[in-house]
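Residue numbers (our numbering), protein chains in the order written: chain W, 1 to 299; chain C, 1001 to 1299.
These are calculated hints, taken from the structure and not from any lab test. Certain hints may be false.
So the derived label-pair ranges between C-beta atoms look like this [to be verified]:
(1) W:A13 / C:S1071: 45 to 53 Å
(2) C:V1259 / W:A247: 50 to 58 Å
(3) C:G1249 / W:S212: 46 to 54 Å
(4) C:S1021 / W:E140: 29 to 37 Å
(5) W:S212 / C:R1034: 16 to 24 Å
(6) C:K1136 / W:R267: 41 to 49 Å
Below, computed lysine-lysine pairings styled on DSS-like, alpha-carbon distance capped at 25 Å [stated by the list, open to error]:
(7) C:K1171 / W:K110
(8) C:K1171 / W:K111
(9) W:K171 / C:K1110
(10) C:K1052 / C:K1263
(11) W:K244 / W:K271
(12) C:K1250 / C:K1052
(13) W:K136 / C:K1136
(14) W:K244 / W:K111
(15) C:K1111 / W:K171
Since the structure is predicted, the reported quantities are computational estimates derived from the model, not experimental observations. Note that the Cβ used here is the ideal one computed from N, Cα and C, for glycine as well.
There are 2 protein chains.
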Amino acid sequence: MTTTNATIQSELAQAARDFDSHLSAWVDQWAANRIAPQLVEAMRYSLLVGGKRLRPVLALWSCAACGSDSSSAISAAFAIECIHTFSLIHDDLPALDDDDLRRGQPTCHKKFGEATAILAGDGLLTLAFEALASAKLPAERVVALTRELSDATGPAGMIGGEWLDLDAEGKDLDEDDVQRIHTLKTARLIRSACRLGGTCAGASREQLNALSGYGKSLGLAFQIADDVLDVEGDPARMGKRTNKDNARGKPTYPAAVGVEKSKTIMRDLAKAAEEHLSVFGPEANRLRALARYVIERAA
Amino acid sequence: MTTTNATIQSELAQAARDFDSHLSAWVDQWAANRIAPQLVEAMRYSLLVGGKRLRPVLALWSCAACGSDSSSAISAAFAIECIHTFSLIHDDLPALDDDDLRRGQPTCHKKFGEATAILAGDGLLTLAFEALASAKLPAERVVALTRELSDATGPAGMIGGEWLDLDAEGKDLDEDDVQRIHTLKTARLIRSACRLGGTCAGASREQLNALSGYGKSLGLAFQIADDVLDVEGDPARMGKRTNKDNARGKPTYPAAVGVEKSKTIMRDLAKAAEEHLSVFGPEANRLRALARYVIERAA
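Just chain W, same shape as in the assembly (with noise of 0.2 Å):
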């Protein structure tokens, strides 16, 4: 049984409608207390300015191939979720990526001025960490998501890929080099939403790596069809400046090595992380799809 392009992109749609709707409700509730209005609006507005949702989605999904009912990970595709929006309020900031678009939207401090867009950023990454703290899981579970969530997160993870990338900003980089960058500041957090999924769904240790291997091709692969999107694609369809990468000198796939070996290396991640899954039955057949069309939008 193959997922069609057209009924994946569908699938993801209604699967981040769906997760929109709980996330919604939950901000509601933390969004109630009224301590530091313009705070929490901020932190509000950047969660729900929209997205594909990609990592929640990721999250869920690949607790349901473990077999688990989705909505054990609801609070795992959350905390992914705060991390991802913490990231992209901070990388926005002027002193980072100085970016004033998000989602065809104002960032953050352009909104609210760069001390609340620190703080909401702040805000949004303690979250994470007590919406796992009040998973309903198992306390071993959630000691598990934590440290994954915590390492995917961290120095050792996003946020030194994060550094990595503006450190190499106008640097001769190879393809090493920028696999590095991309693994760490992309893939890594891809990666994590799989594991965090599988994690609230008790995974084997086979399915965990499965899950893992899957993710960072995944992550990879759609990193490189971002780089590939900035060269190529429509600024109004994307929401955000194009062509912005190279003029900034940042480390990116096309510049190392072409446009059109990017797109054969994106291809071959995407198939890769396909296999990765053939510890799966047809429950991780959306899995599969979604690794054909996050590179779609590029090839």
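For chain W, the structure is supplied; the task is to place chain C on it using the hints.
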């Protein structure tokens, strides 16, 4: 049995030295990852630049007050110091308090640049939860620690207090307003240090409540002492500029009620803190003495 201020001062200094050697060994462990060397260096610099280590020592001594060996709380002590240090790094940023000096040394962004400082703060915030997740304690306690620390740190805790503190600059505030801000900005995390220590020891509900009351009063007294010292203190001894709160229109007790009334409130709070400890025996004597000691510098 009472403990003199001279005795508690030397006990606190000794406990801080012991903690520092554990902290240093722990930092060496994760700093061995050379993925983003300057980022890790910035995290290490800010963590190890010194300080009284009041929060981690409170965690260790609260654990001991509940009858456990204080070593059970070492991961919680690391975590609380990571949170405290992250908050200082971000607070010192140009967009927030814009401070060049901290503990007599250049602030993180002065030494490593703003982007690295933002990411170093993010890294330490993340590492706090990693420290908890790797604590050698029953999983239920680790989950309780994670819940406590995220709650104390997040938008309904310290980060919310920092936002209020910034928002209050230049406004005319009464005693209640200032108390609310100080309670969130400072006392919430100090209270949390005590609760984390108790939780590591498997404290009873009565013991946890006592530690909460103690920590909240102590934290508020501590912040008022800081406010008073900002007006009356010697800049050389404090390692930072004094009288800057006033210059900046910061919410402080002296600004709201005057220096003399601030001192009265501070002394009452220190006494209240001690009284909260009545459920404990002599094993809480160091905590009692600490309540007297933290205000002595400003009395």
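Each hint tested on the structure:
no., hint, verdict
1, W:A13 / C:S1071: 45 to 53 Å, "holds, 52 Å"
2, C:V1259 / W:A247: 50 to 58 Å, "holds, 55 Å"
3, C:G1249 / W:S212: 46 to 54 Å, "holds, 52 Å"
4, C:S1021 / W:E140: 29 to 37 Å, "holds, 31 Å"
5, W:S212 / C:R1034: 16 to 24 Å, "holds, 23 Å"
6, C:K1136 / W:R267: 41 to 49 Å, "holds, 46 Å"
7, C:K1171 / W:K110, "holds, 24 Å"
8, C:K1171 / W:K111, "holds, 22 Å"
9, W:K171 / C:K1110, "holds, 24 Å"
10, C:K1052 / C:K1263, "holds, 22 Å"
11, W:K244 / W:K271, "violated, 29 Å"
12, C:K1250 / C:K1052, "holds, 23 Å"
13, W:K136 / C:K1136, "holds, 22 Å"
14, W:K244 / W:K111, "holds, 22 Å"
15, C:K1111 / W:K171, "holds, 22 Å"
In this structure, only the earlier hint numbered 11 is contradicted, and the remaining ones agree with it.
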